[in-house]
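Asker: Going line by line, the protein sequences match chains W and C.
Using this note's numbering, you'd call the opening residue of the first sequence number 1 and step up by one each time.
Using this note's numbering, you'd call the opening residue of the second sequence number 1 and step up by one each time.
Hints are computed from structural coordinates only; laboratory data are not their basis.
For clarity, every value in this text was computed on a predicted model and none was experimentally measured.
Beta carbons: idealized from backbone N, C-alpha and C, even for Gly.
Please note: incorrect hints may appear among the correct ones.
Unchecked claim - Residues from chain W shown here face chain C by an in silico Cβ test under 10 Å; the list is partial:
1) D66
2) A69
3) A70
4) T100
5) Q110
6) R112
7) W113
8) D168
9) K194
10) P198
11) I205
12) N212
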Amino acid sequence: MAQEIIKPLDTRSETMVVFTVSVVILIVALVAILLRREAGIERYLLPYQISAYSDLESDVQAIYQDLYAAALEIDAVHDESGEGWPSIVELEEEYMAPFTRDRAWAERGQIRWTTFTFSHSRRHVAAYFGQAQKSTSLGSLLLILNHRHQDDDTNAIAAVLEEESHMDIWYDATGELAFQGEYEDGTLIATGWKEVIPYKGDDEISRLKREN
Amino acid sequence: MIRRILYGLIVIVCFGGLALGVGPVAQSKPKLEIGVTLLPYYSFVANIVGDLAEVSPLIPAEQDPHGYKPLPQDIKRISDFDVLVVNGIGHDEFAFEILKAAQLTGNIPLIFANDGVALIPVSGTGPNDKSVNSHTFVSITTSIQQIQSIARSLAALDPENGMQYKKNARTYSRKLRRLKAQYMQKLVDVQISNFRCATIHGAYGYFLHEFGIKISAVIEPRHGVEPSAAQLMSTIDKIKEVDVDVIFSEMKFSNKYVDTIRRETGVSVYSFSHISGGPYEPDSFEREMQKNMEALTQALLEVNERDRASNPSL
């Protein structure tokens, strides 16, 4: 008679398999969580860009916040007037940080601001250059507002396509870079300025929509 | 003859009346009905539109938006709005639930007040734990950004009144900046850079930032929930660890907990307004921000006095 040997169940093998699978699942989940967090808030930055959200030291971030807010108003004023850009004195009189000389200004390097304005054909550019006078760690900031306005002869469709405006804020941590009016991106990058990229409300709104 | 004169007079009166609009009444365009989700947005929009539009809150004044659960009457209320102004970055999720319940998602235009605002993480958190601070409405600087943004959006929706909205926004922004400048003026002899503080709730980063204050730690029992004894002890231990000059609590935080913290840590406690409850009035935001600036100024002056007393050379 043929004999068939039936081996008893090897619980040790089963336990090892379940344990190994559990560990693999945990590792995969952990990696997925970490990857998701890293991809959550920060956007991809080019080598000459830094993040306003995570790369600026606290005082510089605060000055950046003020400058960003001021830039939106300066931009609106220029848009409505069509020609002028507010001077530093006008911005001080409006109590507009970071130009106004209050306690926060006094403790954040007492930044000295100068303006440069350019008008060429339909392009209007303003630069607000700020250098810390009382601190070696704050560096310098540069706000560039660049408007290209439509011609009176431009038809409505072309006007929409042609009119453009944008603003950029640049940062030099060393405080040593001068600014004499060379506002083109290429020149600023070549001389060592870093473009500061904000994490804005619409970025967060998009992220929340993706999560939901 | 007299009859002809009378008929002539009747004709003249009729035509004259029509010319003056005594006849059929000219239809005036209905005002825009603007809904808002949070108390500060009520003030922002009311100051932008004045009498040119109607502003209504989505939830009642006494309700805390944190963890608010929508009610059936909210669904009726939202359907009356032509447009809704939202925070959109985590502070009014209830509004999106109400829209969904009312089956109006995508049907009511939304103005995301924070669309163009540059955000910062909650202060006092580590480099690997940077969560977005959604409290852009507890600050003069970021509120002004939102006011300008809301005005532009309303101008696009209501072009007839657009120029006035933008003009009103600029006037209101100037008023808020002057208010901040008044408090900054009180601090002209205060050394801000050495000041160390902790906050109970991560709402005040934008506000303290604009006054030049760095936050050492955010110690946060669950918002809107009374802390347990264990949570309170943990809070007290953390405060002792961070070694701060002042703790900024919240006005809604129970006095008994504030007193316990003060007694156990020896640290002065001042309270801020979260600006999330109270009557919906055009000047509510200014009033609440004044309370915050007053509390901050008092704290800074107290610490400055104490430092001068212990180090007369300052």
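Asker: All hints, please: hold or fail.
Answerer: Structure-based check of all given hints:
{"no.": "1", "hint": "D66", "verdict": "holds (6 Å)"}
{"no.": "2", "hint": "A69", "verdict": "holds (5 Å)"}
{"no.": "3", "hint": "A70", "verdict": "holds (9 Å)"}
{"no.": "4", "hint": "T100", "verdict": "holds (7 Å)"}
{"no.": "5", "hint": "Q110", "verdict": "violated (12 Å)"}
{"no.": "6", "hint": "R112", "verdict": "violated (18 Å)"}
{"no.": "7", "hint": "W113", "verdict": "violated (17 Å)"}
{"no.": "8", "hint": "D168", "verdict": "violated (13 Å)"}
{"no.": "9", "hint": "K194", "verdict": "violated (16 Å)"}
{"no.": "10", "hint": "P198", "verdict": "holds (4 Å)"}
{"no.": "11", "hint": "I205", "verdict": "holds (5 Å)"}
{"no.": "12", "hint": "N212", "verdict": "holds (9 Å)"}
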